[in-house]
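Enquirer: Chain by chain, the residues:
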Amino acid sequence: MNERIGVYVCECGPNIPDRIDIDKVLEEISSMENVAVVKKFGLLCSNDGKKFLEDEIKQENISRLVVAACSPREHEKTFMQVCRKAGLNPYLFQLVNIREQCAWMIPDKAEATRMAIKYIRAGISRVALHNPLVKKELEANPDVLVIGGGVAGMEASLSLAGKNRKVYLVERTESLGGMTNKLSQILPHQGTDLSTIQEKIEKIQSHENIEVFTDHEVEDVRGFLGNFEVTIKNVKEEESTTNFLAGAVVVATGFDLWSSKDMAAYGYGEIDNVINSVEFEKMAASDEIQLKNGKPPQSIALIHCVGRKEKGYCSKVCCLYSIKFAHQLKDKLPKADVHEFYSDLCIPEKKDQDYFEAVKDKGVHFIWSDEIKIKKKEGKILVEYQDSNQKKESVEVDMAVLAPAMVPAEGSKQLAEILNIPLDETGFFKETHSMLEPVSTSIEGIFIAGCASGPKNIPESIVQSQAASGKILSSLIPGKKLEPEVKVSQINEKFCTGCQTCLTVCCYGAISFDEFKGVSVVNEAICRGCGSCVGSCPSGAIFAKHFTYSQLYQEVLEALS
Amino acid sequence: MNNKDVLILGAGVAGMEASLLLAGAGLKVHLVEKDSIIGGQTIKFEEVYPNMECSTCMVAPKQQEVLQNDNIVKYYLSELESLEGSAGAFTARIKKKARYVSLANCIGCEACYEPCPASLDNEFEEGLAARKAIGVPCAGALPNVPAINTEHCLRFNGKDKNCKKCQEACMFDAINFDEKDETIDLKVGAVLVATGFDLLDVNKLPKYGYGKGKNIYTAMEFERLFASNGPTSGEITLRDKSTPKSIGIIHCVGRKEQGYCSGVCCMYSAKFSHFLLHKIPDAKICEFHSDICVPGKSYQKFYEETRKKGVEFIRTDNVEVNSENKKLKVNYQNGNKGKDVFEADMVILSQAMIPKKGTDTLAKVLGIKQDNKGFFSTQYGNLSPVETEVEGIFVVGCAEGPKDIPESIAQAGAAVGKILNLIS
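Residue numbers (this note's numbering), protein chains in the order written: chain A, 1 to 561; chain B, 562 to 985.
Derived by calculation from the structure, the hints in this document are not laboratory data. The reader is advised that the hints may include incorrect statements.
[Said to hold, decoys possible] Covered stretches of chain B, going by a simulated chain A footprint (3 or more residues, C-beta under 8 Å):
| hint | region |
| --- | --- |
| 1 | 601-613 |
| 2 | 618-632 |
| 3 | 779-787 |
| 4 | 855-861 |
Predicted model, so just to flag it, every value in this text is computed and none were measured. We put the beta carbon where it would ideally sit given N, CA and C, even for glycine.
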């Protein structure tokens, strides 16, 4: 090998020379094979230091660079930039950490010096085997598939559609609007009224860059970020399918309400005038709040938390919409007695408590209750419960409105399989990171927004779809190519036995199986370089670029010698 | 006029998220931060719910990305003084205080701290520890470059005009006493407000007995107590250094007075219990609450696990703390059984989130409204939660109202989407 390896040891101020005998280090490493230049410098990350390195690379014809300094987390990017500027491939570089890993942890100077020498020699033998990796560029389609035409899906469509970006909005029912079609009104402090939503529907239907497919479902999605191939089918004519390409996907499939079969314990479907929230919304919307016998109710029970214990989570919106129902009841039937049965009042947004106080002022009774049982009693409804002092109590009412838990929309499991994205233990779609990445999934280019990822209210669903749009708008720019990860896995076909173990460990969908050749293939555009497949391969057919067996082996061998 | 630069006020999680997304789209971002470091309030926590993951580990990579991204111009110790113009053509005047330490030359070796003769209460540590007049607020601060507090520095406050001990200790020529405050005019296309929140001052509610020397801690003080980079290196000790055996955590402090539920306190109070039991396994813990607010698919499980570990949750509307003696007495209404008392070595108060100090002034500078709770007002009622009534000005995160980290981050992303549509 005719390499000219340049090794530069940074003093990092007093940090390193105080604890490591730098001159001894320089002496020990200059004798290594292919090492052409060995120098020390005060502070390599300073502007002077960077200029010095750049000049050295050019003047000394350095073909591979080793810098012994601080942690790669601090300055690997900095020195890779220097390499680029000097015309040296930035992957023909190794940063050896002799600060955090030697100077700052080994109190004995002789020992720290010995370790520093070992680390640097290991780094030198590694860099000798580096390959000049090159960034690739990938064409990307900027169009977006939005699955679900409710509030979240509509918001995403309007945010994304534009002159150079088309949106395909796929909705499985016959109309847009989702759950809002079943509402009588939104909470007053969250929306002026439902006309805002109607306006959005009209805007979408007349938008020249949004193609709406109602009565359609997604049948198949193949590909990856920037290059998805989508097949959708007409639910009324199953043979009728449509295909198109898209660069990203937004899953906005919403939610369902806890099913009626499980609610029999609350008298739903068994006792007259026990209805659920959607049925009440319908009555309120048509201004006909009536019992089965056509008369208006004189006493109503609003039962919160139906399914909270059973499902193990709080659905967030029910306290507020039950308060909305109470407001509506008191406004339309001022003489009616309204009782709200709750386990906790979940009213976390800044204007929610005012809304609650206002309904209390209207004379609505709030009863903390546990162990609710709903029974029939002589044409009326008996709500039995245990109060906060554990005393058994009951209230007789004409009508009971149940607020059931929000559950994942029907078909979520199948859709998750089609898209290869995970569901979490509650059955909702799983976000990449519950704190930092609330709208991303493990598949790059597929986003989730709204109740598809868990119970939330309308403004939050809107924020999430705008956030997903923000992510797409900032990364999938019309005309701009994508630069996928460089340090990816690669499969050596000669050694692949076709066992497909690697497919089972890849959580990014980056490996596929070539049936014809009988081998696995890595899609370098989506591989994130995590290395899981490398470790899983029983034949040793997979290696990770920049972390090959020979690179790692030589490094360790030198360090242990 | 279509200026594509964006001004972001506040470098907490929301501000950093927005900066990185916009810079990733190729836009230039001017990130203005009042403090000498970035990270906001999240870096004060040791762990976050519900996964009890290390907060600083979670945020540090974002901080590093922000620091290393050349498309994001950072202004520390800076505030917005005035804003003129309109969407696509704003002129923002930034007032930048001098740091007196060069960001380019300083490597964070900390050699200047020890020789400094002046100290002050460390605001980051909620007054639980002191620091020198030259320093960073906490270990692991990013950027790891100190600033000089001119109020306490002997040279700057006139008590010892010739003191230059820090400069003498510096080997990198990083300290410059002649640095001046600056006024910088920026031309931007959009403004994003992500200035965060404060917590209610518990001195305003004497019924909780908070006072100097007492073993009553605010939520933030407790966060610093359990932080491994905090004043006690994560050991839970009382003011006299002994270990508490019984702890009362009081939720809803200020809920009635402020008129809203802050949404995050039930969860972080449960987090405190988890942590306390981890450090003091035989501790007796009682949490006093009016409601338990644990919305969403993952929070209730965490609360139930806390109960399973033996933490008692008492529902009560009426709580007071008597701190006359060393042993604190938490007096509460126990349903219809009358008044009851819980004796505690330590009491933690979970206070309401309130608008950040300076919100009134900033609202006037920006020309945007505040709501009746003092937070910045947005078009929430028009189903556009991150837009203000002024085109081109957005508000995200706790500046808009109490919320948790994922919601702040989602709002930041939403504003980015709106800005990208506005600007392009």
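Enquirer: Does each hint fit the structure? Answer for all of them.
Expert: Hint-by-hint comparison with the structure:
Residue count for the region 601-613 of chain B with a Cβ under 8 Å from a Cβ of chain A: 3. That meets the three needed, and the coverage hint holds. Only residues whose beta carbon comes within less than 8 Å of a beta carbon in chain A count, and the region 618-632 of chain B has 4; three or more means the coverage holds. Three residues within the 8 Å Cβ limit are the bar, and the region 779-787 of chain B against chain A gives 0, so the coverage statement is violated. Chain A is given as covering the region 855-861 of chain B, and this holds because 7 residues of the stretch bring a CB closer than 8 Å to a CB of that chain, at least three being needed.
Checked against the numbered hints given earlier, this structure breaks only hint 3.
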